[in-house]
Amino acid sequence: EDQVTQSPEALRLQEGESSSLNCSYTVSGLRGLFWYRQDPGKGPEFLFTLYSAGEEKEKERLKATLTKKESFLHITAPKPEDSATYLCAVRFTGANSKLTFGKGITLSVRP
Amino acid sequence: DGGITQSPKYLFRKEGQNVTLSCEQNLNHDAMYWYRQDPGQGLRLIYYSQIVNDFQKGDIAEGYSVSREKKESFPLTVTSAQKNPTAFYLCASTPGQTDQPQHFGDGTRLSIL
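Protein chains in written order, with my numbering: chain A, 1 to 111; chain B, 1001 to 1113.
One chain only, chain B, in its complex shape (with noise of 0.2 Å):
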């Protein structure tokens, strides 16, 4: 079946640590998202990309880093620049035409040790 893998499910972070979360769809979409959800806060969107080699800042990019080398492929790189890391991260994804829902993941929880 067709859908959106992110791994791993639970992952943490130790202090001045990079983390790099993943996220692989075989639904030949276009476009990936990264979210973060908090406690009583709306999704957020931290990056996007709408083509392979190209991608841009969502509203809280800062801490942050992505690639998208393939077309399947969007990895999510949690920097220590990022002082509050601790949340659950989504990934989805869209078909070329952006009037179509995203499709989401199951996510990575993410935790300071």
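Looking at chain A on its own, in the form it has when it is part of the complex (with noise of 0.2 Å):
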């Protein structure tokens, strides 16, 4: 069965200290991978695409990466307005554009 899986749950930061998201996945194919912010109370906001293994895109603090098995979101030097949960979905082959979700990691970054 195709799963997704985010580790940690939640992740507590003293601001300016950098770390990763973790989202890992087993797939028969993958055909794209996504990054989502929520805060509390809202939508998804969509953040990052990811196609291929080696595939990187950036935005400010930003950063997701892709391999084969796993996805990182590196957050750098964060700010306390980038307390959100974060959100991983994968596409998979023959999933028409069903997405599957894992169930996000809550970030807190203290001042």
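Since the hints were made in silico from the structure, they are not lab data. Nothing false has been slipped in among the hints.
SDA-like cross-link-like pairs, simulated, lysine to any residue; straight-line CA separation at most 25 Å:
(1) A:LYS42 <-> A:SER20
(2) A:LYS98 <-> B:GLN1050
(3) A:LYS103 <-> B:SER1049
(4) A:LYS98 <-> B:ASN1026
(5) A:LYS42 <-> B:ARG1044
(6) B:LYS1057 <-> A:THR5
(7) B:LYS1057 <-> B:PHE1088
(8) A:LYS103 <-> A:GLU58
(9) A:LYS57 <-> B:GLN1100
(10) A:LYS79 <-> B:ASP1106
(11) A:LYS98 <-> B:SER1049
Now that you have both chains on their own, put them together as the hints suggest.
So, in structure tokens, the structure goes:
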């Protein structure tokens, strides 16, 4: 069965303390991996799409990378406003346009 | 600005009552989706529609119904058969190319009175 696992469940960082969030997947075939940010009481906000191993995308303090089995969301010198839940979703081969989501990682950045 | 509008933001349901959640998009997207989000769980797909007048069940369709009479609208009805309806409901859409990311509305929180 195709699955998506995110780790850790929660992460607390000091402002400026860089770290990485992990999304691992077991799939028969990957058609795309998506990162979203979700603030409390809001819908997920799209961040990045990655389609093939070795691909990287960058936006401000965030950088997403992809291998054949996992993706990392690297956060460089985070600020308190980066506090949110980060969701990973995967579109598998043969799944039409359906996405399978991980449970999310709750990031807290202390000033 | 283009986007997805969900209403109401908060909704309360009485026992035995059906309630309908609204989702409207002005992005001219072909495909629309309904998800349910519970604490500590990933988003789970309820129903999706890739074209007007057609829709498919997702992973947890029991107790829910949808319609897609217009391209821009995809309402979700939570029926009395759904025994645990308390959750955060999210609507999403994508353009015709299915490798594009899904874009989400800001959700409706449904609670039981």
